[in-house]
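Enquirer: Chains as they are written, first to last, in this note's numbering: chain A, 1 to 187; chain S, 1001 to 1318.
Since the hints were made in silico from the structure, they are not lab data. Treat each hint with caution, since some may be false.
Stated by the list, open to error - EDC-like, lysine to aspartate or glutamate: derived pairs with alpha carbons at most 20 Å apart:
(1) S:K1045 - A:E148
(2) S:K1046 - A:D10
(3) S:K1046 - A:E141
(4) S:K1102 - A:D122
(5) S:K1046 - A:D96
(6) S:K1045 - A:E90
(7) S:K1075 - A:D96
Unchecked claim - Residues from chain S shown here face chain A by an in silico Cβ test under 10 Å; the list is partial:
(8) G1028
(9) L1050
(10) L1077
(11) F1205
(12) F1241
(13) L1265
Predicted model only: the values in this text are computed from it and were never measured. Glycine residues also receive a C-beta, built at the ideal position from the N, C-alpha and C atoms.
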Amino acid sequence: MGPTEVLVLDAAEMEAALDSMAHRIAEGSRGGAPLRLVGVRSRGVPIAARLAEKLARLLGEPVPVGALDITLYRDDLGSGNRWPVLLGTEIPFPVDGAEIVLVDDVLYTGRTVRAALNSICDLGRPARVRLAVLVDRGHRELPIRADEVGLTVETRRSETVRVRIRPVDPADEVIRESHPSNPEAAR
Amino acid sequence: MISPPPAPAWNRKHLLGLEDLSREEIVGILDTAESFSEVSRRSRKKVPALQGRVVFNLFFENSTRTRTSFSLSAKRLSADVQDFSASVSSLTKGETFIDTAKNIEAMGADVLVIRHPTPGAPHLLSNHVGASIINAGDGAHEHPTQGLLDLLTIRRAKGTIEGLTVGLIGDIGHSRVARSNIWGLLKLGAKVILCGPPTLVPRGFERLGCEVAHHLDEVLPRCDVVNALRIQIERQQRGLFPSLGEYSHFYGLTQDRLNKARPDLLVLAPGPINRGVELTPEVADGPRSAILDQVTNGLAVRMAVLYLVSGKGDAPST
């Protein structure tokens, strides 16, 4: 038996969640510093791009998007069998003095966010950094919380939350996967 | 901005030469190097990836730029770096090469970067120590990171390597840079022309799939890229060519010769260059020269290689 999939957000619900996040990001902006989005690779980047389109309409000016590869800052680098492939960091604007919104798909242990903060701060000194995530699934291992959350989902540690988003995926959806505790016995 | 297609995962513990690598592995290193170029452009040029790892430079032959480049690359990855020069070591007291390496490994070295006058020395070492080995030049055999940085420089300038005609000029027979270039360029789909005096460009290279030529004025107009290899002055004393002046007359890259080449010809030279011998100052400092880009790209390539071999070093040895 494969994993059981539960649909958490469909395309329309995801669109609504992103709309609401964009509004709150715009309202929460203090002004005085240029607003910039930075997506954490890989799914954080298309989410940031989607939010940036909405923010541009709300604010009447373009909101540039960067992509952050946190691999070189991971605290578990080298603990696996395979060395992760680098996708590269591309930040096409100065980080110094900017109001940065870090964007990721799922907030879980908080370790990715810790790595992303260190990485961003190596690139410059932002005026302010906020965190926006599409899904908060709990189970934090570090004192980190998001400023803007699309949806909070109760999960078990054994479960996986998978975000699919166009154009990198065929459709917009969020799935919760439950894995049988013993795959061998379940077969 | 959306993720590029990921490079294939690297699965090797050592980098001994380009001859053993597949086209996909070479492309994977170059793509990884592109990520590290971004690190080198930051004002704070350092990432924590290799924190706590120890990289030893074991140089049994003189080198300034390669050793410096490896040291700086390792430091940019936050590794600890230690230099070891043969001239000041116990080698002069009779310790064997492998014993020296084992001693260094006992100090906790994770990566050994080795340059040695004997071809195959890094391969030998890889059978005797547990650390990752990176070949930084073994005799006339290979200098893989130089080959890789030449490939990266060409790919960045031309967009691709497939289908290009690349001329390697000068002392091919004694050159590890030439061999690493040949393997890398052929695997990535370039046509390679080797050009120099017959004493320095043996016909045997045709067996690898290269064209062998002796008249630069005939070869140059066909090239998209030329790599002017360093003439080792000591060769001239062994009578392999009559004089530096004569070498320069027939094989030196001059502005006159460049005027008859393609307007977008890219000029590489592995350095250290002998100004007025392999190329004139006008060419070395001219708009088609990528000599300083090569040095910058060398850092990115060495960071990529250190990163990749370090990953495999962590895998359980099965």
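Enquirer: For every hint, state whether the structure bears it out.
Expert: Taking the hints in turn, this is what the structure says about them:
1. S:K1045 - A:E148: Since the Cα atoms of K1045 of chain S and E148 of chain A sit roughly 31 Å apart, the hinted pair is violated (cutoff 20 Å).
2. S:K1046 - A:D10: violated, 41 Å
3. S:K1046 - A:E141: This hinted pair is violated, its Cα atoms lying about 26 Å apart.
4. S:K1102 - A:D122: Violated. K1102 of chain S to D122 of chain A sits at ~37 Å, over the 20 Å cutoff.
5. S:K1046 - A:D96: The given pair, whose Cα atoms are some 17 Å apart, holds under the 20 Å limit.
6. S:K1045 - A:E90: holds, 15 Å
7. S:K1075 - A:D96: Answer violated: K1075 of chain S to D96 of chain A is near 24 Å, above 20 Å.
8. G1028: This interface hint holds because 8 Å falls under the 10 Å limit.
9. L1050: Holds. Min distance 9 Å.
10. L1077: holds, 8 Å
11. F1205: Given a least distance of 35 Å, the restraint on F1205 of chain S is violated.
12. F1241: violated, 44 Å
13. L1265: L1265 of chain S check fails; min Cβ-Cβ to chain A is 30 Å, beyond 10 Å.
Checked against the numbered hints listed earlier, the structure breaks hints 1, 2, 3, 4, 7, 11, 12 and 13; every other hint is satisfied.
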